[in-house]
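Chains as they are written, first to last, in the working numbering: chain A, 3 to 316; chain B, 80 to 307; chain C, 769 to 1125.
By construction, these hints were calculated from the structure, which means they are not laboratory data. Careful: at least some of the hints might be erroneous.
As the list claims (entries may be wrong) - If you anchor each label on the Cβ, the simulated ranges turn out as follows:
id: 1; chain 1: A; residue 1: Arg-262; chain 2: B; residue 2: Met-113; range: 21 to 31 angstroms
id: 2; chain 1: B; residue 1: Leu-170; chain 2: C; residue 2: Asp-885; range: 53 to 63 angstroms
id: 3; chain 1: C; residue 1: Glu-877; chain 2: B; residue 2: Glu-100; range: 47 to 57 angstroms
id: 4; chain 1: C; residue 1: Asp-885; chain 2: B; residue 2: Arg-229; range: 46 to 56 angstroms
Just so you know, these numbers come straight off a predicted model, no measurement behind them. Ideal placement from N, C-alpha and C gives every residue a C-beta, glycine not left out.
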Amino acid sequence: MKTDGRKWLIRLLTGIFVILLFPAGTGGMQETGEGSSGEKLLKPVMRIRVATTTSLYDTGLWGYLEPMFEENYGVELDVLYAGTGIALEYGRRGDVDVITVHSKSRELEFVERGYGVERVPFAYNYFVIAGPGDDPAGIKGKTAEEAFRALATGGNGLFVSRGDDSGTHGKEKAIWKSAGLPEIANSKKNSDTAGWLVEAGRGMGPTLLMADEKKAYTLCDIGTFLSYKGKISLVPLVQKGEILLNVYSAIAVSPEKYPRVKHDMARNLIEFLTSPRIQELIGNYGTGQYGEPLFTPCAGTEHVDQRQPRVKTP
Amino acid sequence: MTELWEGIARAFVLILSLDREVMEITGRSLTISMTSCGVAVLICLPLSSVIHFNRFPGKRYLISLIQTSFSLPTVAIGLFVFVIFSRAGPLGILGLMFTPSIMVIGQAILITPVMLGLTISALSGGDIAISETARALGATKFQTMVITIREVRYAVITAVVMGFGRAISEVGLSLIVGGNIKGYTRTITTAISLETSRGDIELSMALGIILTMIAFLINLVLNRIQQK
Amino acid sequence: MIETSDLEQRFDGHQVLKKVDLKIEKGKVFGLIGPTGAGKTTLLRILDLLDRPVAGRIYFDGEDVLLSERRRFEIRRRMSFVQQKPVVFSMSVFDNVACGLRWRHDKKENIDRKVRDTLKRVGLSGLGLRDARTLSGGEVQRVAVARALVTEPELLLLDEPTANLDPVSIYRIETTLLQVVGEGKTTVLLATHGMSQVQRLADTIGVLMKGELLQVGSPAEVFCSPVSGEVAGFVGIGNILSGEIAAKDGDLAIVEVNGNSIQVVTEVPVGKKIDLVIGPENITFALTRDPSSARNVFRGRITVMTELGTLVRIKVDCGFPLFGVLTVKSARELGFEIGKSIFANFKATAVHIIQRS
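Full structure from sequences and hints, please.
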């Protein structure tokens, strides 16, 4: 009787074990270079994970680059729609192999603390402050700081903040500080902001939609803004100033901290992003659809150019 | 209003034309939830027998605890699973984060209290003479468990179906531990949550309709069973 | 074959079985009788090794079976237990009966054959495919007996197998049991209320009252020579008279009972208070006072007549109550009816003496 029960217990545990771990798809130990991402493979294929800021995703850039990378290297690329703050956390926990974010200070800290190998900028664009066409707060043409001050004091417009610890959110805070209103950057619930500042707590695309819905102002990277052009009625109002520079970098998670990250493939991904061919493609991405590119490639250099953005105002 | 009707219409087109993405996401939802349901069944059926048939101190409190856990928030469990299975966590060495497997594990944890509680209930509602008779006829403990569960099988099936229903309609856990990766860990519920907020209403609606139909089917099945 | 020593059982603080020493011989029928609540079911469950006693030992063919859980299970498989109100599983009759064999991993051909044979034995041949839950009470009982028999147990335990059944079902089941016993391979322990049943079927009888095994012996010993007033009260149909030994002449004594003198044979000295037990079958009735070897002849009036199948039980008031049985035919021929004055005779040697404690 005892062996009867024990036999079944073993079968049961084996069954559970097999079910749980077999389709884990955590990837084989070797790279098996069979087929493209769409094919069903019999051998386990390597999966590499990149946590990305939402603007790179909402613009569709990752969707564009993903199949190319997968085909080139015979791996599956898992893109996690995260937001800079979350992406950095995933990186700190070693749950992803690469992060692509846009918050220079935090990226440097990430590398300094030993979580990342190296900060590799690969593209940039600008932020814009977008708002309703009739511009009730009258910020058109102002600098970013002036515009923010107007929104804080004027009482004529609603501002939708990312509120999600993302790179864009970080940029908002930087502008508030630069505008002499650091308390707005630091506060959570502030009587100063109640009534005109709304925290979306979501990605760039969704935040834009929310701002559009509320006929409010919001800070947005030009890439996402352009790619959402048809879906929203907001217009870009403030586009000047170096503070609005938006640089995207890729960082491989440190294999010293997390030996199990797929560091070789991570390096491949970064090389891919900074390779001349892909850099060119990034530079042209969106031209067909939106009339102008959404990004400017900048691999190897920190952006120096102060060119005015070529956004066509409607 | 027209946008709504247009949206619904285009959603039906997606479904009826067996749109690849819709089918892929639906298939994944079903697979993950059925697997987690299966795991939960393997755990709950024997465990419920053990709890039901044995006397031990604190049994009543245990059953209370199980019943309280019926509606634990999915995000809470998601967070718990995330912290444990993240590479930085105790079971990080398994490398299961952002895979369908961890979603199966998480959902199994989620629905175990429901399935366990309802199965124990089912056994309590059964006739104790059944297990006594089985023992008297020479059944082993395991054989006794099988026949006792068999006698209340309709109530047990109800428990399983309810567990499945909870699994397939949850979103918080799948989002947190799955990462909603397109083509890999995106399920009906996570896709709806993402695509709706990103503005792709058609896909969301199509998926929403499918999910509703699944829920409807589940209810139908439950009704048939309860009539027996 | 099965022996217990100092068995005790307690539930919720109540002593349900006290110091039960039992010996059941192989191949024989042991009848366990006792009133409701005496502990018969409890004892049977312990013997089937379903429950553990709080004290005492059980020996199966000389082996102490309480020593290991595994042994208990193995031996339990060599026994079968038909419970008091049996339940059937929600499956066909065939599957119900096949359960025990399937659990023992018997081969399919064997199972088919054995189940069919057993169903035939209990007269349920045509019902194999019926859902067992749709059966009548008698049929359910027979399924339970079939379930128990199909595994060819060495020891068959039955807890009131014919209680609340119609006569046809009772007959069927008793016939099956007699067949089984007749084959000599199975030992049977039958717990029952029915006095006539146990007299018909049992080789040995044990009387269990309030958790104590008061008497074990052949049916004759138990019914005619009950060892105590309690036992007598249970097994007899009421001929217990209390009196005192008034005089003696050698072994022949005269007992005063309610002003009447009854002659008995006993060693008990004069002056002792005793109970007299007279088996009803030892009383003969006549319309007139006829000379016979019976030393006790009493005149009385018939006060109650109860028909029990082919027999009639009558109560006669002779100054003290006397119960007797006779055939319906005799009663009719003699013109017995309530109120009639008749004579009751019984021998001095037919009276059983119990000393009052």
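Hint check for Asp-885 (chain C) and Leu-170 (chain B) - Cβ pair distance inside 53 to 63 angstroms: Holds: the Cβ-Cβ distance is about 58 angstroms, inside 53 to 63 angstroms.
With respect to the beta-carbon atoms only, verify the hint that Glu-877 (chain C) and Glu-100 (chain B) lie 47 to 57 angstroms apart. Roughly 55 angstroms apart at Cβ, these two residues keep to the hinted range, so it holds.
State, for the Cβ atoms of Asp-885 (chain C) and Arg-229 (chain B), whether the hinted interval 46 to 56 angstroms holds or is violated. Violated, at about 26 angstroms.
Taking 21 to 31 angstroms as the hint, is the beta-carbon distance of Arg-262 (chain A) and Met-113 (chain B) inside that range? Holds, at about 30 angstroms.
Hint 4 alone, counting from the list given before, is not met by this structure.
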